[in-house]
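Asker: In case you want the letters, here they are:
2 protein chains.
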Amino acid sequence: MINKLVVIGVGLIGGSFALALKRAGLVGEVVGVGRSAENLQRALQLKVIDTACQDAGQAVVGADYVFIATPVGQMPEVMQAIAPNLSATAIITDGGSTKRDVVALYRRHLAAHLPRCVPAHPIAGSDLSGAAAARYGLYEGKQVVLTPLPETSAEALATVRQLWEAGGASLSTLSPDAHDSVFASVSHLPHLLAFAYMNTVLAKPDAPHCLALAGSGFRDFTRIAGSHPEMWRDIALTNRELLLQDLARFQEEIAKLVADLREADGEALLDAFSAASAARVAWQKGK
Amino acid sequence: MINKLVVIGVGLIGGSFALALKRAGLVGEVVGVGRSAENLQRALQLKVIDTACQDAGQAVVGADYVFIATPVGQMPEVMQAIAPNLSATAIITDGGSTKRDVVALYRRHLAAHLPRCVPAHPIAGSDLSGAAAARYGLYEGKQVVLTPLPETSAEALATVRQLWEAGGASLSTLSPDAHDSVFASVSHLPHLLAFAYMNTVLAKPDAPHCLALAGSGFRDFTRIAGSHPEMWRDIALTNRELLLQDLARFQEEIAKLVADLREADGEALLDAFSAASAARVAWQKGK
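Top to bottom, those sequences are chains A and B.
In terms of the numbering used here, the first sequence has 291 at position 261, counting the first letter as 1, and numbering is strictly consecutive.
In terms of the numbering used here, the second sequence has 62 at position 32, counting the first letter as 1, and numbering is strictly consecutive.
Bound conformation, chain A alone (with noise of 0.2 Å):
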């Protein structure tokens, strides 16, 4: 049970575990901290918190947990003003995308507190954003990754995966560098590729006829397209190395389709097709 729980970013990940918490009944108050007034009045509108306030220093003090849920990019200055204030017993946890960076920003301003950070992805994602995308249910079914430091206490570690799994969620543990290698792959490295997809038809003389025709595979392939701009800026930026090793690898596999497309080679495009296929099919059904 969590007395005071402080939410600073209250869009969809930090909103949805308010609620989530909420209606498990494992929490007094919900406090959201945020920079825009008009998102923390609609979070209050929605019950996603109970009190709003804007200072994220002033809002940790007496909270017992501390879910620091907004972009990695805003995460150095949170934890700079809220480090000062902080409870010996409070827990502090994240939901940034990208593990080592953030493992770092904890050992640089949270230094005292390391016993008490446990770093965290919930895997929620989504093209929506904001305190009016939270919603009940968002965590079930889905995954959580833990990437504990070697200071993190079993006991704060136990508490943050029992939250999680309150609101339905599994749970997993991996090492950063493990976190953000499969994440490079399995979620930056689309939203690039579809970002610059987008981007591609739109520089098209016929780009309206496009998106005029454009149909169920395109509106699929291109939903994480429609992702919050800054946000991803913040995890391509974090998780530049990676994912530039990413890039290069599907740069060589995109250079190997336009080989055997120019050579009409149609038993090599059926091969390719196959083993990307047959491997979809196969995650598909594993779900």
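Warning: the hint list may mix true and false statements.
As the list makes no split between identical chains, a pair holds if one copy fits it or if it spans any two.
Keeping only pairs whose Cα atoms sit at most 27 Å apart, straight-line, the calculated DSSO-like set for lysine-lysine is [as the list claims (entries may be wrong)]:
| # | residue 1 | residue 2 |
| --- | --- | --- |
| 1 | 317 | 77 |
| 2 | 317 | 234 |
| 3 | 172 | 234 |
| 4 | 286 | 52 |
| 5 | 172 | 52 |
| 6 | 286 | 317 |
| 7 | 315 | 234 |
| 8 | 234 | 286 |
To be clear, the hints were calculated from the coordinates, so they are not data collected in a lab.
Computed from a predicted model, the values in this text were never measured in an experiment.
For chain A, the structure is supplied; the task is to place chain B on it using the hints.
Answerer: Showing chain B alone in chain A's frame:
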């Protein structure tokens, strides 16, 4: 009212067309033609077709409407087989995803029937295939593009249009060139990118971890990578010139992203992501 409809290739597209006409009460007998006896048996069981036949030439005797819904690669053989047995009043149409090559096939193999030939492309693709994928209502709210020949009679065109409209589709007309340019961009390119992306992930040493932790973004981005490999090899080969142009444009976009990422140019990344995101959000709103 169609007395005898022959559907050659009883899968998602052909089968769902038969079901739409049945539900609208616009068809007498539906004869299904295909290479796989097993698939035809399934189509009979599911009442997608009334009669099965493995010989296209024999099937079209006495037909007043012939829908060639096979992959484009099988169309030359199909057209050769049916040409001698078509009645003078039979309408011949297709569901091919490319249109310049299909128009050329009509000219080559069905030269005596051009006023009754209506090249068409229903935009209702899926990663599913086979008779079991056929369903009522597939075409409701979907678009169908017609690319009539100069020789196509107004009457044949009107009949094809009416039947698709009876299934709930919206019709538009394009030249074969314009059609193939648009669909290279909004359908063929994303399929190739999805296949290439999937193969990029599969080649990674941590591929099993990646697939285990992939979330909803991955799911939607890769849905079309589960598509029918043979069909997509045919499409890629038949539309290769335009696809190669689009691939070159896309490679430039990726090269730009890689350069921006190498230089950690957050402003350039934000500009690119913002343009893509705004366009995608606007596209969704317009649907």
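Asker: None of the hints should be skipped; say for each whether it holds.
Answerer: Hints, one by one, checked against the model:
1. 317 with 77: neither (33 Å within a copy, 31 Å between copies)
2. 317 with 234: between (37 Å within a copy, 21 Å between copies)
3. 172 with 234: between (38 Å within a copy, 24 Å between copies)
4. 286 with 52: For residue 286 and residue 52, the Cα distance exceeds 27 Å both inside one copy (52 Å) and across copies (45 Å).
5. 172 with 52: within (18 Å within a copy, 41 Å between copies)
6. 286 with 317: The answer is neither: 30 Å in one copy and 35 Å across copies each exceed 27 Å.
7. 315 with 234: between (37 Å within a copy, 21 Å between copies)
8. 234 with 286: both (24 Å within a copy, 17 Å between copies)
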